[in-house]
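Visitor: Chains as they are written, first to last, in the working numbering: chain C, 1 to 149; chain Z, 1 to 149; chain L, 1 to 84; chain V, 1 to 84.
Since the hints were made in silico from the structure, they are not lab data.
Even for Gly, the Cβ is constructed at its ideal location relative to N, Cα and C.
Any given hint could be a false lead.
Claimed, not checked - Capping the alpha-carbon separation at 20 angstroms, the derived lysine to aspartate or glutamate pairs in DMTMM-like fashion look like this:
id, chain 1, residue 1, chain 2, residue 2
1, C, Lys97, Z, Glu84
2, Z, Lys60, V, Asp60
3, Z, Lys104, C, Asp111
4, C, Lys60, L, Asp73
5, C, Lys97, Z, Glu64
6, L, Lys6, L, Glu25
7, Z, Lys97, C, Glu87
8, C, Lys97, Z, Glu41
9, Z, Lys97, Z, Glu136
10, Z, Lys104, Z, Glu64
11, Z, Lys97, C, Glu46
12, C, Lys97, Z, Asp111
13, L, Lys6, L, Asp73
14, Z, Lys104, C, Glu112
15, Z, Lys60, Z, Glu112
16, V, Lys6, V, Glu49
17, Z, Lys104, C, Glu3
18, C, Lys104, Z, Asp111
19, Z, Lys97, C, Asp111
20, V, Lys6, V, Glu66
21, Z, Lys97, C, Glu36
22, L, Lys6, L, Glu24
23, L, Lys6, L, Asp71
24, Z, Lys97, C, Asp7
25, Z, Lys104, Z, Glu59
26, C, Lys97, Z, Glu46
27, Z, Lys104, Z, Glu67
28, C, Lys60, C, Glu3
29, C, Lys104, Z, Glu112
30, C, Lys97, Z, Glu43
31, Z, Lys97, C, Glu43
32, C, Lys104, Z, Asp100
33, C, Lys97, Z, Glu36
34, Z, Lys97, C, Glu3
35, Z, Lys97, C, Asp100
36, C, Lys97, Z, Glu87
As the list claims (entries may be wrong) - Some chain C residues well away from chain L (every beta-carbon gap over 12 angstroms; in silico):
id, residue
37, Arg6
38, Phe12
39, Pro21
40, Val63
The lines below spell out each chain.
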Amino acid sequence: MIEVTRDPIDPFALQQSLANPAAGGYCAFEGWVRNENEGNEVERLEYEAYDPLVIEEGEKVLVEARERFPYLSARCVHRVGLLEIGECAVWVGVASKHRDEAFKACRYIIDEIKQRLPIWKKEHYANGDSGWVNCERCASHGSAAAIAD
Amino acid sequence: MIEVTRDPIDPFALQQSLANPAAGGYCAFEGWVRNENEGNEVERLEYEAYDPLVIEEGEKVLVEARERFPYLSARCVHRVGLLEIGECAVWVGVASKHRDEAFKACRYIIDEIKQRLPIWKKEHYANGDSGWVNCERCASHGSAAAIAD
Amino acid sequence: MTSGMKTITVRYFAVFREHAGVAEEVRRTTATTAHDVFEETRDRHGSREPNGHCKVAINDHMAHWETPVNDGDTVLLFPPVAGG
Amino acid sequence: MTSGMKTITVRYFAVFREHAGVAEEVRRTTATTAHDVFEETRDRHGSREPNGHCKVAINDHMAHWETPVNDGDTVLLFPPVAGG
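Let the hints inform the model, and build the full structure from the sequences given.
Guide: Here's what the structure looks like:
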């Protein structure tokens with residue numbers, strides 16, 4: 001299951017929803033808003049998503065991950081709106097019988113999400129500028145933002 | 001930091017202790033007690049550790065992981081005593097600037113912990129038998145337990 | 001002749017929307033593919049790049065730049081994504 | 001001759017302790033290496049295997065099977081580990 005939310009992500013509740021008596025391994029990834037990118041001091045991030053296609057494409061990603069690395073349960077939540085430093089922007093959790101599938105499926109999911117889902121990130125810098133990440137040549141906007149983690 | 005505890009592990013509190021404004025990626029692994037191993041129905045697990053060497057060797061593992069995959073902060077807790085199905089036996093959390101180091105350091109830490117730290121696991125089966133995992137030829141004990149995840 | 005003339009809706013996202021100043025617009029067009037729409041709206045989305053790093057969807061499904069555009073379609077123009 | 005005769009403490013863990021029936025014991029021995037101690041205590045720890053999958057520590061530091069054993073040492077015999 002993949003979701004888009006405007007509210008803070010609660011990793012603890014999400015993790016509990018993956019509980020499974022047959023699961024021996026659990027891997028989670030969280031993307032946190034960090035205070036620096038490509039040499040620019042970041043004050044906050046703004047995420048925008050096109051929800052219908054985040055869901056459609058995200059569900060494909062979860063299915064692909066299960067085909068490659070059979071897991072028992074997996075879930076992903078991406079937050080949108082304005083986020084402060086330290087906040088969780090994306091959460092991925094995978095429970096599986098053994099740890100190898102949990103690690104690999106979790107990694108696959110976050111990698112694909114970052115490449116494929118219609119989600120955009122605008123960095124707001126300490127100097128007052130802002131810039132859409134990965135879009136330095138997309139349109140004539142101010143700042144030299146580059147590929148973030 | 002690595003710890004051994006007899007109390008339930010609290011992933012949420014542990015995760016919060018790794019918060020860092022420079023961290024953009026966080027990866028966690030948990031080993032959960034699962035209800036089956038090598039075809040045997042497991043009712044609970046019993047972990048034993050030799051704490052002084054778990055700490056000494058565990059700290060080495062954390063240092064090695066940081067040398068290989070520079071992270072910002074990492075922590076590991078292993079529980080000992082009797083654990084029920086679904087409980088968390090081991091928790092590893094890593095925060096790093098980018099996600100690659102978080103995933104790889106987390107995986108390195110759990111892999112090494114499982115291979116090197118003086119921790120033993122006894123499975124208690126539904127049929128009343130019990131067996132030390134990985135020790136089927138160590139001594140003349142009852143059950144055919146084998147390598148777990 | 002109205003052959004090939006169609007009415008489509010174009011939606012702009014993120015930096016494209018900011019540059020266009022609108023989130024969506026209805027256009028009369030002779031575009032035959034999504035790529036044609038991207039080129040035709042270059043002054044709107046403002047991309048200085050070819051469409052390589054951008055993505056396109058038609059009627060809420062991911063599409064390719066060669067996907068045909070039909071009368072009544074909604075074409076979604078996505079700048080390079082940066083989730084996570 | 002008491003040459004080479006030393007007093008050591010041997011500690012057994014997990015399945016080794018269960019088999020030995022004691023967690024530790026003081027032994028008089030002529031063992032020169034940790035390996036010698038493992039062999040000499042085979043009836044105690046009960047391992048049917050060579051020491052390959054087992055580990056040994058001396059005085060609370062991980063050791064090798066070839067590590068020398070000195071008078072007064074505490075030798076910790078660890079069956080195959082299974083953390084996590």
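Visitor: Each hint: holds or not?
Guide: Against the structure, the hints come out as follows:
no.	hint	result
1	Lys97/C to Glu84/Z	holds (16 angstroms)
2	Lys60/Z to Asp60/V	holds (14 angstroms)
3	Lys104/Z to Asp111/C	holds (14 angstroms)
4	Lys60/C to Asp73/L	violated (23 angstroms)
5	Lys97/C to Glu64/Z	violated (27 angstroms)
6	Lys6/L to Glu25/L	holds (14 angstroms)
7	Lys97/Z to Glu87/C	holds (14 angstroms)
8	Lys97/C to Glu41/Z	holds (14 angstroms)
9	Lys97/Z to Glu136/Z	violated (43 angstroms)
10	Lys104/Z to Glu64/Z	holds (12 angstroms)
11	Lys97/Z to Glu46/C	holds (19 angstroms)
12	Lys97/C to Asp111/Z	holds (16 angstroms)
13	Lys6/L to Asp73/L	holds (9 angstroms)
14	Lys104/Z to Glu112/C	holds (17 angstroms)
15	Lys60/Z to Glu112/Z	holds (10 angstroms)
16	Lys6/V to Glu49/V	violated (26 angstroms)
17	Lys104/Z to Glu3/C	violated (26 angstroms)
18	Lys104/C to Asp111/Z	holds (14 angstroms)
19	Lys97/Z to Asp111/C	holds (16 angstroms)
20	Lys6/V to Glu66/V	holds (17 angstroms)
21	Lys97/Z to Glu36/C	holds (9 angstroms)
22	Lys6/L to Glu24/L	holds (16 angstroms)
23	Lys6/L to Asp71/L	holds (5 angstroms)
24	Lys97/Z to Asp7/C	violated (24 angstroms)
25	Lys104/Z to Glu59/Z	holds (17 angstroms)
26	Lys97/C to Glu46/Z	holds (19 angstroms)
27	Lys104/Z to Glu67/Z	holds (12 angstroms)
28	Lys60/C to Glu3/C	holds (13 angstroms)
29	Lys104/C to Glu112/Z	holds (17 angstroms)
30	Lys97/C to Glu43/Z	holds (16 angstroms)
31	Lys97/Z to Glu43/C	holds (16 angstroms)
32	Lys104/C to Asp100/Z	holds (12 angstroms)
33	Lys97/C to Glu36/Z	holds (9 angstroms)
34	Lys97/Z to Glu3/C	violated (25 angstroms)
35	Lys97/Z to Asp100/C	violated (23 angstroms)
36	Lys97/C to Glu87/Z	holds (14 angstroms)
37	Arg6	holds (15 angstroms)
38	Phe12	holds (20 angstroms)
39	Pro21	holds (31 angstroms)
40	Val63	holds (15 angstroms)
In the structure shown, a violation is registered for the earlier hints numbered 4, 5, 9, 16, 17, 24, 34 and 35, in ascending order.
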